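Q: Put together the whole structure using the sequences plus the hints.
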Amino acid sequence: MSREDVLVTPDWAEQNLDTKGIVFVEVDEDTTAYDKGHIPGAVKLDWKTDLQDPVIRDFVDKGAFEKLLSDKGISNDDTVVLYGGNNNWFAAYAYWYFKLYGHRDVKLLDGGRKKWELDGRTQNTDVVSRPSTSYTAQEPDTSIRAFRQEVIDAIGSKNLVDVRAPDEFSGKIMAPAHLPQEQAQRPGHIPSALNVPWSKAANEDGTFKSDDDLRALYGAAGLDESKATIAYCRIGERSSHTWFALHELLGYSDVKNYDGSWTEYGSLVGAPIELGSKA
Amino acid sequence: MCGAPEQTQELPPGTDLSKHTVLTGTVRTAGEPVGGAFVRLLDGTGEFTAEVVTSASGQFRFFAAPGNWTIRALHQSGTGEAPVTADGPGLFPVDVTLA
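As you go down the protein sequences, you meet chains A and B in turn.
For the first sequence, numbering that gives the first Met the number 0 assigns the number 0 to the initial residue and increments by one for each residue that follows.
For the second sequence, numbering that gives the first Met the number 0 assigns the number 0 to the initial residue and increments by one for each residue that follows.
One should not assume that every hint holds.
What the hints assert, rightly or not - Below, a list of computed lysine to aspartate or glutamate pairs in the DMTMM-like style, where the Cα atoms sit at most 20 Å apart:
#	chain 1	residue 1	chain 2	residue 2
1	A	Lys47	A	Glu65
2	A	Lys171	B	Glu46
3	A	Lys114	B	Glu80
4	A	Lys171	B	Asp42
5	A	Lys171	B	Asp15
6	A	Lys199	B	Asp42
7	A	Lys277	B	Glu46
8	B	Lys18	A	Asp166
9	A	Lys199	B	Glu46
10	A	Lys66	A	Asp45
To be verified - Facing chain A, from chain B, some residues (calculated, C-beta under 7 Å):
#	residue
11	Phe37
12	Gly45
13	Thr48
14	Phe91
As the list claims (entries may be wrong) - Here chain A is said to cover these stretches of chain B; the calculated rule only asks that three of the stretch's residues, wherever they fall, bring their Cβ under 8 Å from a Cβ of chain A:
#	region
15	49-60
16	80-90
Honestly, the hints are just simulated from the structure, not real lab data.
The model shown is predicted, which means the values in this text are computed figures rather than measured ones.
Heads up, the beta-carbon is just placed ideally off N, CA and C, and yes, glycines get one too.
A: Have a look at this one:
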């Protein structure tokens with residue numbers, strides 16, 4: 000797999016807006032972003048209401064995912080191109096989620112909404128409706144999803160990559176700095192985790208860094224390529240971005256995203272926690 | 000949630016400025032507020048910390064920790080940055096002009 004198979008440029012996207020069999024999907028937490036303007040023809044997914052179970056803290060199940068994609072007019076054979084705000088955090092999360100349910104051909108738009116807007120490319124507010132399909136999902140592929148016990152077992156043996164900001168890693172703050180700091184769980188990080196903030200994998204305009212730069216970044220941070228890797232953040236979306244860099248761009252084979260992330264781990268009774276930054 | 004809340008000058012209910020460090024301001028170009036600009040909060044070493052999009056009236060805000068920060072704004076019409084030092088909890092105003 001090469002970078003071109005998983006990541007498309009804005010130019011490519013612009014040339015393929017009307018190509019049959021390619022569906023652009025905007026994924027945001029705040030869907031008002033889509034409503035104010037989106038890539039022509041793109042449908043929207045709401046990270047929270049469409050992709051999260053409304054009661055249990057988990058994904059929607061296979062049947063609900065099938066219904067969602069069928070209603071959105073996405074078929075199994077379509078190439079799905081995901082993009083969104085927040086430097087593609089939620090689009091990367093959706094990418095990982097589509098992979099989990101076995102969608103064959105899914106790509107990310109490099110730079111997401113930000114790059115698209117900075118380039119001054121066309122957006123519109125047209126209502127997009129696609130004829131419904133009969134989508135069939137696969138059973139969830141847990142080879143890319145880590146659960147809590149697996150994470151505890153990985154301490155000191157697998158690569159654990161904490162992709163939050165240094166102040167979140169050290170325990171100084173509980174959430175990204177643009178949000179109120181109201182969380183109640185314990186601060187800190189999983190012992191033996193490396194801290195490679197997701198943002199180091201991206202350029203200022205939201206595009207991913209080159210494969211060479213990414214390899215150098217994780218190598219310098221101490222990631223052992225011969226070991227399996229689990230990435231985590233606070234709620235699993237920034238770590239999807241890093242999962243994409245490690246698994247899809249660099250092609251490391253055993254990389255999982257721990258979507259429970261710090262909001263789960265930092266609330267577990269008795270789970271080991273480390274405070275402070277590493278040398 | 001990690002999505003940036005709507006950017007307004009009003010602080011969310013429950014914000015305690017005796018405890019929180021809030022950096023807030025407006026992005027402008029030639030004196031006019033710029034909505035939809037990407038505003039990045041960089042720490043004292045220039046490392047990225049957070050990013051928000053300005054409101055229609057050009058406003059942004061960050062919940063940060065005390066320290067030296069740089070606010071960097073990106074927009075189709077240009078870029079700009081401004082330093083701000085927060086010496087403790089409270090509200091710290093900082094405006095950015097694009098060029």
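Q: Take the hints in turn and mark each one as holding or not.
A: Now for the hints, and whether the structure bears them out:
At roughly 17 Å between alpha-carbon atoms, Lys47 of chain A and Glu65 of chain A fall within 20 Å of each other, so this suggested pair holds. Annotation: proposed proximity of Lys171 of chain A to Glu46 of chain B holds, straight-line Cα distance about 16 Å (limit 20 Å). Distance hint between Lys114 of chain A and Glu80 of chain B is fulfilled; the C-alpha atoms sit about 19 Å from each other, no more than 20 Å. For a cut-off of 20 Å, the pair hint linking Lys171 of chain A to Asp42 of chain B stands: about 14 Å separates their Cα positions.
A distance of roughly 17 Å separates the Cα atoms of Lys171 of chain A and Asp15 of chain B; the hinted pair therefore holds under the 20 Å criterion. For the proposed pair Lys199 of chain A and Asp42 of chain B, the alpha carbon gap of about 13 Å is at most 20 Å, so the pair holds. For the hint pairing Lys277 of chain A with Glu46 of chain B, the CA-to-CA distance comes to about 16 Å; that is within 20 Å, so the pair holds. Simply put, Lys18 of chain B and Asp166 of chain A have alpha-carbon atoms about 17 Å apart, close enough for the 20 Å limit, and the pair holds.
Between Lys199 of chain A and Glu46 of chain B the alpha-carbon distance is near 9 Å, which keeps this suggested pair within the 20 Å criterion. A C-alpha spacing of about 14 Å is found between Lys66 of chain A and Asp45 of chain A, which places the hinted pair at or below 20 Å, so the restraint holds. Contact between Phe37 of chain B and chain A, as hinted, is supported at the beta carbon level, the nearest pair being about 6 Å apart and thus within 7 Å. The interface hint given for Gly45 of chain B is broken, as the beta carbon of that residue sits about 11 Å from the closest beta carbon of chain A, more than 7 Å.
At its closest, the beta carbon of Thr48 of chain B sits 5 Å from a beta carbon of chain A; the interface hint therefore holds under the 7 Å criterion. For Phe91 of chain B, the interface hint is violated, the least distance from its beta-carbon to any beta-carbon of chain A being 13 Å, above 7 Å. For the region 49-60 of chain B, the stated coverage by chain A is satisfied: 5 residues place a CB nearer than 8 Å to a CB of that chain, which reaches the threshold of 3. Remark: the region 80-90 of chain B is not confirmed as covered by chain A, as 0 of its residues place a Cβ nearer than 8 Å to a Cβ of that chain, below the required three.
The structure fails to meet hints 12, 14 and 16 from the earlier list, while all remaining hints are met.
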